[in-house]
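Following the hints, position chain G against chain U.
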Amino acid sequence: MPVLARLLLRQILLLVVVALAVFLLMKASPVDPVDAYLGPAIAHASPEQKAQIAAAWGLDRPAKEQFLAWAGHVLTGDLGFSTTYNAPVAQVMADRIGASLALTGLAWLLSGIMGFGLGLVAAAVQGSWLDRGIRIYCYVLASTPTFWLAMLMLMLFSVRLGWTPVCCAGPVGVPQDEVDFLARLHHLVLPLAALTLFGVAQIALHTRVKLIEVLQSDYVLLARAQGAGRVDIVLRHGIRNAALPALTALMAASGEIFGGSILAEQVFAWPGLGRATVEAGMKGDVPLLLAIAMLSAVIVSSANMIADRLSRRIDPRMGVA
Amino acid sequence: MNGRVGALLAALLAAMLIVAIALAPAGLGETGIRADFAARNLAPQSGHLFGTDQMGRDMLARSLHGLALSLEIGLIAAGLSVAIAILMATLSGLGRGTDRIAGFVTDAMLAMPHLMLLILISFALGGGTAAVVIAVAISHWPRLARILRAELLQVAAAPYIETSRALGRSRVFIIRHHILPHLLPQALVGFLLMFPHAILHEAGLTFLGFGLEPSRPAIGVMLTEAMRHISAGRWWLALFPGAMLLALVLAFETLGSALRRLITPREAQC
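Same order as they appear, the protein sequences are chains U and G.
Taking UniProt numbering, the leading residue of the first sequence gets 1, the next gets one more, and so forth.
Taking UniProt numbering, the leading residue of the second sequence gets 1, the next gets one more, and so forth.
It is worth saying that the hints were derived from the structure and are not from the lab.
If you're wondering where the values come from, they're calculated on a predicted model, not measured in any experiment.
Backbone N, C-alpha and C define an ideal beta-carbon position, used for all residues, glycine too.
Certain hints may be false.
Unchecked claim - A few chain U positions that, by computed beta-carbon distances, are all more than 12 Å from chain G:
1) 59
2) 70
3) 75
4) 78
5) 86
Claimed, not checked - Derived SDA-like pairs (lysine to any residue); straight-line CA-CA distance at most 20 Å:
6) U:64 x U:54
7) U:27 x G:126
8) U:283 x G:126
9) U:283 x G:213
10) U:283 x G:131
11) U:283 x G:224
12) U:64 x U:13
13) U:27 x G:131
14) U:27 x U:67
15) U:283 x G:214
16) U:27 x G:130
17) U:64 x U:74
18) U:64 x G:124
19) U:27 x G:124
20) U:27 x G:125
21) U:27 x G:134
Just chain U, same shape as in the assembly (with noise of 0.2 Å):
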């Protein structure tokens, strides 16, 4: 198939440019690794050891050259070696990207379903106070820092009223793959609250808008005509043709929870690839931040081609702009 072909080919040479772009901006950061790297001990470091280190770690090589080894290594499935971690970059992200799926994947999910069925309901009665107060609840919820909404549950439901654990994917001192399921579902509850909250607004409002200009067709006109309902309009009719936008704009939006997720992991300390995100910035850990963006950008680019793909299929008049 040649469109298939096509498109994997772009996307393929999206990620090569992504690559070339991630790299170059970390070659153009100040932080030096090493020195990131020795932290307080720098103190005890000599130039020479400074510089045996570079050297060990390639640092001394022209920077085309170093762009070269690493996406080499990179193809052959060596991430390198994360420095904040002191173990392997793909070590580090194995024990990582479960909680963070755990938590970014059922949060895109929850919010896909809870924005269908909140966009439905405020279409099939537009106009109404009920189809007022979902938009405030969204206009408002999608102008909301993410972080701050995070902060004030944290606040509430942890420090208060003491429901739901202050951090962490398990009770402290526990090792991670001893905790029930219970336990692991109790400390889930909330990150996943936090971050589905944010991701409800885009879907919901975009659901509606869609099912609106659906409800408002020729063929929903003659289904009222015949003596249909509104449930049975909003059922038969609403839901089908508002599907497939929906999970467009679900599409596209995978890039904002992801975003988000970094935040939320950050504020419960929650153990996962965001948290690992934020730590390799800091650190100047190079190869875990240059892996990790890598994911990210192929998980986002993916999904926006889905997107992309999805819209044209439904809609023959974008291939044509």
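Same frame as chain U, now just chain G:
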């Protein structure tokens, strides 16, 4: 009261709020910046409506300083970003080849979550105010560029463009004199609607520690500090600065969508 009058009123109200925030620091002077150790950790009360922090700074005054700072940074960053968007849209209008390139660059920019890109750019520039402004400016233009490109293609199909071309005008002349003026209203609305994103991302970036210097009275810095005192139950440290930021963002959102309703009444109905 019809929709246009309502939109105009909303826009006026939002604009007044924004001007008040911009002027607030001049009236406050040093209040909220200088420490007052006689009044540490006070809960909200008369005299300190928003309470005070661990250094005795009044949170109301401090939040107002923070908002003015957000406003300033958002203004510069969103302005730069709109300029880039217009440039990219113009590039799309010049020809098929440049359109391809502009489209590819736009897609590449959209391939990464905003916050990730912000962290990377800020890391590359070593953090600080300038880094935040540049990072936000570089990361926020793609969406507006797409809208402007669609608008440009629509305008470019108009008969008077064809006439102008038949009269021997160059492409650059046509874009400058016939197309760009049509894009300006959309660019202005794009600017106002980009603003909320810009300041929210600035606050988020600062909260994570990649943004503004901790010495500045930024909302993000205040919330990072509040995070440290969260288990001490000092809820006012987090609640008020965030609520003020939310109010500022809502004001811009209202202003932007009201103006959009005024310039494109048909599209903005639902």
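Going back to the hint list, which numbers does this structure go against? No numbers; nothing is violated.
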